[in-house]
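Chains as they are written, first to last, in the working numbering: chain A, 1 to 113; chain B, 1001 to 1113; chain C, 2001 to 2113; chain D, 3001 to 3113.
Incorrect hints may have been included.
Unchecked claim - Straight-line Cα separation of at most 27 Å, BS3-like style, residue types lysine-lysine; simulated pairs:
(1) K3094(D) with K2064(C)
(2) K10(A) with K64(A)
(3) K103(A) with K1096(B)
(4) K98(A) with K1098(B)
(5) K2010(C) with K2024(C)
(6) K3064(D) with K2064(C)
(7) K2094(C) with K3103(D)
(8) K2010(C) with K3064(D)
(9) K64(A) with K1096(B)
(10) K10(A) with K1058(B)
(11) K10(A) with K24(A)
What the hints assert, rightly or not - Simulated restraints on C-beta separations:
(12) E3086(D) with T1091(B): 27 to 37 Å
(13) D57(A) with Q2052(C): 32 to 42 Å
(14) A2101(C) with K24(A): 36 to 46 Å
(15) K1098(B) with A21(A): 16 to 26 Å
(16) M2001(C) with R3018(D): 32 to 42 Å
(17) K98(A) with D1057(B): 21 to 31 Å
(18) S3060(D) with E1065(B): 37 to 47 Å
(19) R1018(B) with Y3055(D): 48 to 58 Å
(20) L2099(C) with A19(A): 35 to 45 Å
(21) N1088(B) with A19(A): 39 to 49 Å
Stated by the list, open to error - A few chain B residues that don't get close to chain A, going by computed Cβ distances all over 10 Å:
(22) A1019
(23) Q1052
(24) K1096
Don't read these hints as lab results, they were simulated from the structure.
Keep in mind that this is a model prediction, so the values were computed, not measured.
Glycine included, C-beta positions come from ideal geometry on N, C-alpha and C.
4 protein chains.
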Amino acid sequence: MEILDLSLLKLELREFARARAWEKFHNPKNLSMALTCESAELLEIFQWLNEQDSYLDKLSPAQKEHAAQELADILIYATRMADILEINLVTAIKDKIKLNAQKYPPTTGVNYD
Amino acid sequence: MEILDLSLLKLELREFARARAWEKFHNPKNLSMALTCESAELLEIFQWLNEQDSYLDKLSPAQKEHAAQELADILIYATRMADILEINLVTAIKDKIKLNAQKYPPTTGVNYD
Amino acid sequence: MEILDLSLLKLELREFARARAWEKFHNPKNLSMALTCESAELLEIFQWLNEQDSYLDKLSPAQKEHAAQELADILIYATRMADILEINLVTAIKDKIKLNAQKYPPTTGVNYD
Amino acid sequence: MEILDLSLLKLELREFARARAWEKFHNPKNLSMALTCESAELLEIFQWLNEQDSYLDKLSPAQKEHAAQELADILIYATRMADILEINLVTAIKDKIKLNAQKYPPTTGVNYD
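Given these sequences and hints, build the entire structure.
Structure (structure tokens):
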């Protein structure tokens, strides 16, 4: 069971920022930049690997650990941003999956061109 | 209370991909690209706003809704990727916060230069 | 012969911004965001294609045209930013290639891990 | 005068890749990832600075040098990608500026919302 208490994480990150006087840096604009930077660090792990070599069984333990850390950073910044923008992420995810299901009905193939 | 059941979300996204025959596209390399694309769409919302105008009270309801959708997409792809790389995100977040706390002790200011 | 007159392009983009009263938006921070957004739009073209299908002979004319437009946007924002930061790009490229040559000597293979 | 000979740069980068046996890595998909990674490194320089502090007179010489190096990397990867996709960047830039001028006529203000 992998349960993420986002209410608690929001409070924890709020306190983390407060204790370091980082609140003034944590506006949505800056956080969107930080999130993209972390996302690009994840991208960097895979940039020269071909698709088949990007799977778990081909990654070194260090690469897997690195990917886990970047994913964690992404979730941390996303949660911090959601807190500041007063967004409920559980609701947002539920809504977005519904939208995606309408946009890409299961019976049709998707055309990526 | 905002509780995200990541075990369930992983299963849901797995089934979503299966029903559309998208599994072959969902290798870690491609997912890291998709995650970065979504992150840049969030960035795009804020690119010409100054920091003060990026806060909730200055955003239109459409901008807030747009940000919520992009954050949801980011969490969806991050969760999908964690499923494929067999990463427990709750553990990864906990570990990363500990690392960050060591790297940036609360009593010292941070130097961003 | 493909010769890019960067002095002229800088002047042209300066005038383009002036005529639209965009100068106040074109600070280095915002331009770095715009550059990343354009770069991610290029990324988006290739996100679900495998490497072999990302080559020219597999792309549709529309995909090639799309890639050309995104590359143009990237060069436009990079040149605009260089103008504002008073960076000579010809010198910067020459210096960077020298650095890269030292970092990755031709006789050794590169280790991407 | 700042003149960039893109024909020559394309040849130089082609030879640089050949001498390191990097040609197999330089497909358009991978290069779009590398370009985005470099772009995010530029973004990282500015992520916690406010707009006013992102201008040249507030940056340290090291920060300016860092920005110049990232801009150079972006141009290098963009040129390498244009070579592989047989795109003439001078033409692409000219065409894109025309498109932008039609999209945003000089007399009207732009609405970023």
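Each hint tested on the structure:
1. The suggested pairing of K3094(D) with K2064(C) holds, with an alpha-carbon distance near 16 Å, which does not exceed 27 Å.
2. The suggested pairing of K10(A) with K64(A) holds, with an alpha-carbon distance near 26 Å, which does not exceed 27 Å.
3. With a C-alpha separation of about 35 Å, the suggested pairing of K103(A) with K1096(B) is violated against the 27 Å cut-off.
4. Proposed proximity of K98(A) and K1098(B) is contradicted: the alpha carbons are some 35 Å apart, above 27 Å.
5. Between K2010(C) and K2024(C), the direct Cα distance comes to roughly 17 Å. Compliance with the 27 Å bound is thereby established for this hinted pair.
6. A threshold of 27 Å between alpha carbons decides the hint, and for K3064(D) with K2064(C) the separation of about 34 Å lies outside it, so the pair is violated.
7. Taking the CA atoms of K2094(C) and K3103(D), the gap is near 35 Å; set against the 27 Å cutoff, the hint is violated.
8. Between the alpha carbons of K2010(C) and K3064(D) the distance comes to roughly 18 Å, so the proposed pair stays at or under 27 Å and holds.
9. Taking the CA atoms of K64(A) and K1096(B), the gap is near 14 Å; set against the 27 Å cutoff, the hint holds.
10. Proposed proximity of K10(A) and K1058(B) is supported: the alpha carbons are some 22 Å apart, at most 27 Å.
11. At roughly 17 Å between alpha-carbon atoms, K10(A) and K24(A) fall within 27 Å of each other, so this suggested pair holds.
12. Restraint check, E3086(D) to T1091(B): a C-beta distance of roughly 47 Å breaks the suggested window 27 to 37 Å.
13. Between D57(A) and Q2052(C) the beta carbons are some 22 Å apart, a value that contradicts the proposed interval 32 to 42 Å.
14. The given range of 36 to 46 Å is respected by A2101(C) and K24(A), whose C-beta atoms sit roughly 42 Å from each other.
15. For K1098(B) and A21(A), the hinted distance range of 16 to 26 Å is satisfied, since their beta carbons lie about 20 Å from each other.
16. In this structure the hint that M2001(C) and R3018(D) lie 32 to 42 Å apart at CB is violated, the actual value being about 22 Å.
17. A hinted range of 21 to 31 Å holds for the C-beta pair K98(A) and D1057(B), which are about 28 Å apart.
18. Our hint of 37 to 47 Å for S3060(D) and E1065(B) holds, since their Cβ atoms are close to 40 Å apart.
19. For R1018(B) and Y3055(D), the Cβ-Cβ distance of about 51 Å falls inside the hinted range of 48 to 58 Å, so the restraint holds.
20. A hinted range of 35 to 45 Å for the beta carbons of L2099(C) and A19(A) is consistent with their spacing of about 39 Å.
21. At roughly 26 Å, the beta carbons of N1088(B) and A19(A) sit outside the given window of 39 to 49 Å.
22. Not every CB of chain A is more than 10 Å from the CB of A1019(B) (nearest about 4 Å), against its label as outside the interface.
23. The beta carbon of Q1052(B) sits about 7 Å from the closest Cβ of chain A, which is not more than 10 Å, so the claim that it is off the interface is violated.
24. Non-interface call for K1096(B) relative to chain A: violated, since the shortest CB-CB distance, roughly 4 Å, does not exceed 10 Å.
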